[in-house]
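S.K.: In our numbering, the protein residues as written are 389 to 981.
Hints listed in this document are in silico derivations from the structure and should not be mistaken for laboratory results. These figures come from a predicted structure and were not determined experimentally. Even glycine gets a Cβ: it sits at the ideal position worked out from N, Cα and C. Each hint should be verified, as a subset may be incorrect.
[What the hints assert, rightly or not] Each pair of labels, with its calculated beta carbon distance range: (1) R633 to D698: 46 to 52 Å; (2) E720 to K505: 44 to 50 Å; (3) E943 to Y593: 36 to 42 Å; (4) G587 to S523: 53 to 59 Å; (5) P609 to S477: 44 to 50 Å; (6) A719 to G587: 50 to 56 Å; (7) A607 to E943: 44 to 50 Å; (8) D713 to R633: 46 to 52 Å.
[Stated by the list, open to error] The calculated SDA-like cross-link candidates involving lysine to any residue, where the alpha carbons are at most 20 Å apart (straight line), are: (9) K706 to I937; (10) K621 to T638; (11) K971 to K621; (12) K621 to D788.
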Amino acid sequence: MKKHILKKVTPLLLSFSLLAGCAFPFSDAVRKAETDTKTGEDVSAEFDTFLNDLFCSEISSNSINLHFTLSDPEAFGITDVPVTLGDISEKSIMESHADLENTCSVLSKFDESALTKNQRLTYEILNDYLKTELSVADLTYYDEILRPSTGIQAQLPVLYEEYRFYDKKDIDDYLKLIALTEDYFSQIIDFEQKKADAGLFMSDYACNNVISQCETFTANPESHYLIETFNNKIEALPGLSDEERETYRTKNEALVKENILPAYEKLADGLKKLLGKGSNEKGLCYFEDGKEFYEYLVYHNTGCSSDIPDIQKMVEQKRLADLNDAAVLVAEDPDIWDKSNLVSLDTADPTSTLHTLQEAMLKHFPKAPDTQFTVSYIDECMEDYMAPAFYITAPIDNYDNNSIFINASTDTTTMRYFTTLAHEGFPGHLYQTVMSYEAGLPPVRSILNYPGYVEGWATYVEMISYQYAGLDENVGLLLALNQSALLSLYASTDLGIHYDGWSFEDMISFWSEYGISDKEVLREVYELIVEEPAHYLKYYIGYLNFLDIKEDAKETYGSNYSDVAFHKAILAIGPAPFDIVEKYLDVYYTAQD
């Protein structure tokens, strides 16, 4: 089953933002900032204005992003914004590319030396982001918006379910939004048809996976969870009359049955017509410009500027080191594997486990501000396709409002469950999000997606969390080493499939060297990695980069080094390419003195 393969989906919001097609409609902000080279005393204020205009323009282009990013848009001057899911038409994509070029040009007009420390950091990150996206402007149809875990069809239902109602306007906007689902999915089908026309359509097994997801999602229309969850939110919102509640419930049920479910049915039908159009069941490198696009994906997903052969070497060296360290532990205690296999934790509700982690982490991490979170279970119909758990990014102006979703199929007595909650909650995604917001990152940073930092951080702290479970120290260390080595196998396989062109037989040969030979399981892994190129790299390569930066910091600061100070500096810098994180670490580390 797909649910047994290591998968993550966070951050849902940012992924949807990038997949929505109209990625950077910055024309309004660009027009305001298009002047001669900026120098003088007012450059800092002008740069802040430019960033704010940029943020407001981008975030207003997609109502999902707007709602999940800001709980009070009016406080940012955003009013009377049309409700939209975005636009992925060919015209919109071309306009987005033009806006990227214009924005990059405007950014270059600012005198970077006249900016403050924090502004220079934002300048460098934004400049990197714009140039990275522009580098593949001609390869739009190499991207895939329908992937089993990170595709729109998988993420959108969760975002609909978690769409918060702060007042009646939110309800009205939500109902307008879901009414657009069918038209938006028609654009997706058109996009997939253009991919097919270009010889870039997905394989049949990938297509059938998405079709199966759609059919599962639409299987129980009378008791669909998007009806039930809406009713629950309506019931919980104060200030509504009984008549208003009934009107909203009736309208939502009709829209779910007459718009959302037909949208998924039509998507499945559209994909069925495209079966057989895919010419490649292997890695991206088998497409004409596939290797170039994969190189972009690797950088975009990892934030690591090393070339791919060097990344491959880095992964292999870490795997060998982990396996060697594990062998030493086994030599010292031949029964340690048996002990690790017998590890079983007391069943605990996820909220209690998260509170335990929140306290235990204080020996290595700065204390987070008081924050609230809810833990919910995803609907049964999504269990096979969703991660063991995931966190939905909190609004930047209300980060006391956090949500973690749990896959009820997960065994709560395993270490995997415990470390997954650390990954998603404390000291993982939830903690990193709150701490970065607390550090005062400018709003525009919230729309720049650096999954290598975000998922690398969560993987890095997940490895540390084995120390918080009350295990024997060596048993915890062995489990962490094993998990790191396993993730390295996924990373090497991703690079092997998409850069070196591994066939399934090549993958079997590679994994058999490590004693893993179940062809059915390996086939699932192979197909998933083909469907989600560079997906696993953001976890593992991000994790390795944090380890490297940490080792450098220990050498640099010697007796003045502490984990708490290091983590505080990393979190204050926030999501960014690792070259930039490393460049600014000393600035933020020494600022704590």
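S.K.: Now, for every hint given, state plainly whether the structure supports it.
M.R.: Going down the list of hints, with the structure as the test:
1. R633 to D698: 46 to 52 Å: 59 Å, violated
2. E720 to K505: 44 to 50 Å: 48 Å, holds
3. E943 to Y593: 36 to 42 Å: Once the Cβ atoms are compared, 47 Å apart, the range 36 to 42 Å for Y593 and E943 is violated.
4. G587 to S523: 53 to 59 Å: Cβ of G587 to Cβ of S523: about 22 Å, so the range 53 to 59 Å is violated.
5. P609 to S477: 44 to 50 Å: Since the Cβ atoms of P609 and S477 sit about 29 Å apart, the hinted range of 44 to 50 Å is violated.
6. A719 to G587: 50 to 56 Å: 53 Å, holds
7. A607 to E943: 44 to 50 Å: Between A607 and E943, where Cβ atoms are some 57 Å apart, the hint is violated.
8. D713 to R633: 46 to 52 Å: Since D713 and R633 have Cβ atoms about 59 Å apart, the given range 46 to 52 Å is violated.
9. K706 to I937: It holds: about 15 Å lies between the C-alpha atoms, which stays within 20 Å.
10. K621 to T638: 14 Å, holds
11. K971 to K621: 45 Å, violated
12. K621 to D788: 18 Å, holds
Consistency note: the structure conflicts with the earlier hints numbered 1, 3, 4, 5, 7, 8, 11.
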